[in-house]
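Protein chains: 2
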Amino acid sequence: MAAAKDGLDAGADGLGALQTPCLLLDEAKLAANLSGMRAQVERHGVAFRPHLKTAKSIDVALMAMTGPGGPATVSTLKEAEYFAERGVRDLTYAVGIAPHKLDRVGTIRRRFGADLAVILDSLAQAEAVSEWSRRTGDRLPVFIEVDPDGHRSGVKPGDADLLRGIGQRVAAGAELRGVLLHAGESYGLSDPEALAEAAEGERAAALQAAETLMAAGLPCPVVSVGSTPTASHARHLDGITEVRAGVYMFGDLVQAGIGSCAVGDIAVSVLASVIGHRPDKGWIITDAGWMAMSRDRGTAAQAVDQGYGLVCDRAGKPYDDLIVAQANQEHGVLALRQGSGAQRPDLPVGTLVRILPNHACATAAQYHCYHVLDRDGRAAAVWPRINGW
Amino acid sequence: MAAAKDGLDAGADGLGALQTPCLLLDEAKLAANLSGMRAQVERHGVAFRPHLKTAKSIDVALMAMTGPGGPATVSTLKEAEYFAERGVRDLTYAVGIAPHKLDRVGTIRRRFGADLAVILDSLAQAEAVSEWSRRTGDRLPVFIEVDPDGHRSGVKPGDADLLRGIGQRVAAGAELRGVLLHAGESYGLSDPEALAEAAEGERAAALQAAETLMAAGLPCPVVSVGSTPTASHARHLDGITEVRAGVYMFGDLVQAGIGSCAVGDIAVSVLASVIGHRPDKGWIITDAGWMAMSRDRGTAAQAVDQGYGLVCDRAGKPYDDLIVAQANQEHGVLALRQGSGAQRPDLPVGTLVRILPNHACATAAQYHCYHVLDRDGRAAAVWPRINGW
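Protein sequence lines, in the order shown, are assigned to chains A and B.
Be aware that the first sequence starts at 1, since it is given in full-length UniProt numbering, and climbs by one per residue.
Be aware that the second sequence starts at 1, since it is given in full-length UniProt numbering, and climbs by one per residue.
Keep in mind that the hints were calculated from the coordinates and are not lab data.
Treat the hints with care, since some could be wrong.
Chain copies aren't distinguished; within one or between two, either way the pair holds.
[Stated by the list, open to error] Taking lysine-lysine and the DSBU-like style, the derived pairs with C-alpha atoms no more than 35 Å apart in a straight line are:
| id | residue 1 | residue 2 |
| --- | --- | --- |
| 1 | K317 | K281 |
| 2 | K156 | K317 |
| 3 | K281 | K156 |
Chain A on its own, in the form it takes in the complex (with noise of 0.2 Å):
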């Protein structure tokens, strides 16, 4: 049993010492979460580039990753150099670069010998990069952004001028290491065969890009497609050299209103103290409000609208219908679902409670460390993790 501490005995699972809210992870889900989409993504014959944006932990990123080198995906460049001082060298920056940030980029190349890669869309920075390139002797590896499904950026892949464009330019200077979707639409899916087709949709604009750019004599060694949804549901992936996907790690309440996980799966949960009641409106108050479970409503259009979170015991299993329905920066008001019959809990001051967030990468920025759960249940271990730019 941990050390009591602040007046309370913590509890056989060391939960009563532990200052709240926090982020709790529950490491046997974490790696259950893991070995799924590791069997997957084998299953299809690719390789898999794990995204480190939702858990930006290194303890997380050697369990996702295939090796302790990589491959991996980040989503900041802060990111990439806490990773790549931590070994992790195989990197690709999946964001759209803005040529001001090259400079930083070739800072992590060479300090910790990485090899980071970046991504675009369009022929000025393709000429950017070219000349950053050439200027500095660092030949960067780079991917044509490809649009699947008009949710974000990318070039559509039927827009063969574009791609040829970008890829010349590119290949003036610096290294096209190939073609990089996200098919993002497929958070508002929720239909297996929907996803399904999504995968698919993914997969022939990625195949539809790299035939364009190969046809022209351009080089396209690597194909990486991925999101949670469509990774999850991709019937095969022919063609496909990667996959990359993030938020499976923990999952979350979004996660299970698209199908890609169950609400048992969620490994990322907000441990809170009830610290008041207003029982002329049916409310429990806690101390875990909007800045411990982010302002994330993902579930809001979804078919279960989960509130700000679903409330959980403190051994993990969900109270009926009780949701966080409101939330202020620091206090989350507790209530029945609308509609709900169930009996709200007696839930007195001082009680902790587990809330699975709506959007596991949102509510884990709000925190500096994961508390882990061994396989009893008992926090066992304290994680870092990076937040910022």
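Here the structure of chain A is known, so what remains is to put chain B in place on it, guided by the hints.
Leaving out everything else, chain B in the frame of chain A:
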């Protein structure tokens, strides 16, 4: 001119040397917001206890407080520790106390000689606090939280039995310092008359509760009210002894929508780089997604929906109708407001823009420091801030 960095000239404003996204703080606007609220509160002849939950920075606190030792309000015990360690000794922790946090409160009081007060609204908390005070010999100062408008926590001002019961239990071991209210429903208003009425309702509820305590022979030396909207709109504060407010320091688009500040008063903005374009969709893509802006969509419920933020040029001048229409983790999608007849500005890849946030508390919490713009608009200093619990 700041030193060139990352291959680009920093520019006369020094902004080109900063990594994007980052958080800018306009010192002149901050100072004007601070003096405006100070004058408003002084006009009412009451003490001012600024809330440090928005800024979480000792540099900002020292400008905002009436003295270097406080008074001040905090929303977490981590803030209390941080500010007490830096000389702020008169502190109210304005979130209902969980009994297992009392030892941490006691450590802050003892270690820094801080007069750190707590708040509560139940018999169970009152008994726990009194018992703790008797056991430790530290007579903890306690406010009874009173609910003026059904927003969140607090005893109803007319519930005389509960007020007396809590007051008697507190006074049996700890120090009953008074009542504390927060008119949180005022955030949903925008009409100046309605805001003045909300301020009057907060005042009246405070006096009713204070009179109930005093009629029962209980002490109530401090009568504390506050929210940025009510503090800005109160007609008078007779009978009130102190006012609290926090977000007024920076202002934000939600406060501008309420009428507590003008858009031109907003002191914080996110510096972002343009990283791509989707002319077919009318989109400009930046590197400031929801991780940089927060997921707060507080203006969605107001007359003018600002998306994830209002876009300004590098000098801070808003573009006509250009907002962050969508956001992914590290991508912001700029687009004209729906139905706008404005011309989309030409912003090539690499252009720096500044984005005004919906909610300063949420956006600032995504950063570890402020890049402070001096009166010439130059990035002249870096002020650290804290996050977490």
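Check your understanding: When the hints from earlier in the document are held up against this structure, which numbers fail?
Key -> none
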